[in-house]
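Engineer: Starting from the given sequences, assemble the full structure and let the hints guide the process.
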Amino acid sequence: MEISCLPISASHRAKLLSAGYTTLSSLSSVSPPQLSHLNVALQEAVDILKVSSESCRVEVQDGAVEFCKGAQTAWDMLSEEQALRHISTGSGDLDSILGGGIHCKEVTEIGGVPGIGKTQLGIQLAINVQIPYDFGGLGGKAIYIDTEGSFMAERAYQIAEASILDTFDNFGCQLKEIPEKLKAESFLANIFYFRICSYTEQIALINYLDQFLVEHKDVKIVIIDSVTFHFRQDFDDLALRTRVLGGMSQKLMNLAKKFSLSVVLMNQVTTKFTEGSFHLTLALGDSWSHSCTNRVILYWNGNDRYAYLDKSPYLRPASVHFSVTGKGIRDATSQCKRVRMM
Amino acid sequence: MANKLISQMGLPLPIANVFAARSIITAKDALSIPESDLMALLDLGRDQVASAVARISEITCPPYQTVLSLMEDRRTSGCHGGRLPTLLKGLDEALGGGIPPGLLTELVGPSGIGKTQFCLKLSLIAALPTCYGGLNGRVIYIDTESKFSSRRIIEIGENSFPQIFQTEGMAQEMAGRIVVLRPASLSEFTQSLEKIKLSLIQREVNLLIIDSMAGLISGNPRENESCTRGSRQQPLGWTLSFLKSVAEFSRIPIVVTNQVRGQSTEAFHYPFEGLGGNDNVTSERLESHLVAALGIQWAHAVTIRLVLEAHSGQRYIKVAKSPYSPPLAFPFIVDSSGIVPLSDDGIELTGQEISTIRFQVQPI
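Chains as they are written, first to last, in the working numbering: chain A, 1 to 342; chain B, 343 to 706.
Bear in mind the hints are in silico, worked out from the structure with no lab data behind them. The reader is advised that the hints may include incorrect statements.
A few chain A residues that face chain B, going by a derived Cβ cut-off under 10 angstroms, partial list only [unchecked claim]:
#, residue
1, A10
2, I48
3, A153
4, R155
5, F171
6, G246
Below, simulated DSBU-like cross-link-like pairs (lysine-lysine); rule was C-alpha separation at most 30 angstroms, straight line [what the hints assert, rightly or not]:
#, chain 1, residue 1, chain 2, residue 2
7, B, K370, A, K258
8, B, K431, A, K327
9, B, K537, B, K370
All residues carry an ideal CB built from backbone N, CA and C; glycine is no exception.
Structural biologist: Below you can see the structure in the form of C-alpha cells.
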C-alpha cells in the first residue's frame with residue numbers, strides 16, 4: 001500500500017512524499033526522531049508510524065491463521081448465523097418468506113405507501129425482540145428512532161399486551177404464572193425512544209449509537225422510522241445527500257455487525273418514470289437501494305395488505321398476505337391466503 | 343439541536359480553532375460532511391477527526407426516553423392527554439379520545455363537503471371551558487381562502503352549546519379566543535408561522551388550524567413556473583418540516599385541510615407487481631377519480647388522515663390513516679349546529695376503500 005492511501009492528514013502526507021518515502025516498507029525501518037527532522041512534531045511522528053504499522057500487519061504476522069485482519073471462513077460464518085435467532089414479525093407467513101424473521105447482523109429496509117403499516121410493523125418488532133429466550137425470542141431491548149412523530153405509546157402498549165398473551169397461548173401457560181418482568185409495562189420500559197427533528201440530529205444519533213450500544217449491550221434491534229423523512233426536504237445538493245446517506249448506511253451496517261443486532265429502516269415511496277409509465281419505487285434514489293442487505297416492500301393488492309421480499313442474499317422473492325389488527329401484525333385471516341413465489 | 347455551536351462543545355482548543363477557521367460553525371455544518379472529506383478539509387488525522395465527530399454527535403444527539411415514561415407523560419398532561427375531542431363520539435373513541443397533540447392531522451375531501459364546517463366546530467370546542475369538555479384556550483385559525491365566517495361560528499355555538507352562548511358576554515368571550523390570520527401568499531404564511539411559533543406556548547394556544555394547505559402551495563403559479571420537479575417540492579418540503587417541528591415543540595393539535603384533484607398520472611404499482619392487464623388500471627381510474635392534493639410526500643408526512651366523502655346520498659368521515667385506530671367510517675350531516683354524527687358506531691372498511699374519495703352530489 002502506498003503512502004497516499006494512509007489515513008493521515010494531507011500536510012503530513014505531503015511531507016513524507018516530498019522526503020522520498022513512497023511505500024510502507026520505506027517507513028518500516030524509520031524511527032520517530034528521524035521523521036521529526038521533516039518538521040513534524042515527535043508525537044505526530046509516533047502516530048504516523050503507528051498508523052503505517054497497523055496497515056502492514058499483514059506482512060509482519062507470518063504463520064498466523066488469518067490471511068488478513070478481520071477475515072473469517074465461510075464455515076465459521078455459517079455456524080454463527082445458525083446460532084443467531086430471528087425476530088418474529090408477528091405473522092407466521094411473513095416470517096416464513098423472511099427465512100424465520102428479521103435477521104440479526106443485517107440491515108433490512110421496509111418500504112411502502114402511507115398507511116400500509118410500516119410504523120405498525122416497527123412497533124411490533126420492537127415488542128417481539130423482547131420475547132424471552134425461553135419462549136423462542138431474543139430477550140433483548142430495542143431502540144426506536146422516530147423521525148416523523150408517528151409513534152404512539154398507547155399503541156405500543158396494546159401490541160405488547162397482545163403479544164405477551166399470544167406467546168403464552170402458544171406455549172400453553174396459564175395466565176396466573178406471568179411474572180412481573182413480562183408485563184406490558186416492562187416491555188415498554190425496554191424500548192429506548194429517540195425523537196429526531198432534523199437530518200443533523202439523525203446523523204449525530206447514528207454516530208452516537210456506537211457509544212450508546214457499548215453501554216446498553218442487550219439492545220438487539222434498532223428501528224429507524226423513517227430514514228427518509230428529513231433527507232427529502234432539506235437537501236439542495238443531491239450529490240452531497242448521496243454521500244451522506246452512503247456514510248450513514250455504512251455506519252449502520254458496522255453497528256449491525258459489531259453488536260450483533262438487526263437494523264430495520266423504514267422508507268417512503270416516490271414515483272419514477274421508467275419504461276414509459278410512472279411506477280412506485282422506494283425513495284432516496286438508486287444509490288441508497290444498494291446499501292441495505294434485505295428489502296421488503298409492503299403494498300396493497302386489491303383490498304389486502306401484502307409484503308414482498310424484494311432483495312435478499314439467499315432467499316427467493318416471494319409475496320405474502322398479512323394483516324394489521326388491533327393486536328398488531330398478524331397472519332391474514334381470509335380463506336384465500338397463500339404465499340406466492342415470483 | 344442542529345444549530346449548536348461547535349465552539350461550545352468542549353473540543354480541544356486546537357481542534358476547535360481549526361473548525362472555526364474553515365467556517366464550520368454549527369453541528370449541522372460539521373455533520374453534513376462525510377468524515378473523509380472533513381479530514382481533507384481540516385488537515386487533521388483520522389483519529390482526531392473521529393474523536394471530534396464523536397464528541398459533536400454526542401452533544402447534538404437528542405436525549406432518549408423509554409416508551410413507558412413517554413406513556414406516563416402523556417397520561418399526566420391534562421384530561422384526554424391534551425387531545426381535542428371532536429364531540430363525534432364514535433370518532434373520538436376511534437382516535438383514543440380526540441385529535442392528538444403534537445401531530446399533524448389532515449382533513450381531506452372535495453369542496454363543499456364540510457371541511458371548513460368541521461374546523462369551525464373544532465375551534466369552538468377548543469375555546470370552550472373545560473367543564474363543557476373544551477380545552478379552554480385560544481385558537482389560531484389560518485384562513486387562506488377566506489372561508490372563515492364569524493357569523494357561522496356564533497350560529498354553531500348557539501345551536502350546539504346553548505347554555506353557554508346564551509349567557510351574557512360568553513359569545514364574545516368565546517369568539518374572542520379565536521384568532522384569524524389571512525395570509526395572501528406562501529411567504530406571508532411562513533412569516534406568520536415564524537411569528538406565532540413563540541407565542542404558541544406563551545399565550546396558551548391550544549389549537550392551530552390551517553384551512554387550507556393546498557390553496558397555499560398550488561396557488562402560486564408564478565413561483566412554480568420555471569421550477570423543475572425537484573424544486574417544486576421545496577416549498578412544500580420546507581413547510582412540512584416546519585409544521586412538524588412546530589407540532590413537536592408546542593405539543594398542541596394541528597389540523598390541516600387539503601383539497602382533492604382528479605387523477606392524471608397517478609402511479610399505482612411497483613414494477614414487480616407485473617401488469618395484470620391494463621384493464622385493471624383503467625377500471626380503477628374510472629371508479630375513484632379523486633385523490634388528495636399535495637402528493638405522496640405530504641401523504642407520508644401527516645400522521646392522521648381523515649377523509650370526508652359523499653356517496654349513496656350520505657356523507658362519511660373516514661379514518662384513513664392513523665397509527666392507533668382501525669379503518670372506520672362514520673356517517674354525518676351538516677346542519678345549523680355544525681357537523682352532527684348520524685351514528686356512533688363506525689362502519690369498518692377493509693383495504694384501500696378507506697382512502698378513496700368519492701363525491702356524488704345528492705339530487706335536489
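Engineer: Against which earlier hints does the structure fall short, listed by number upward?
Structural biologist: 5
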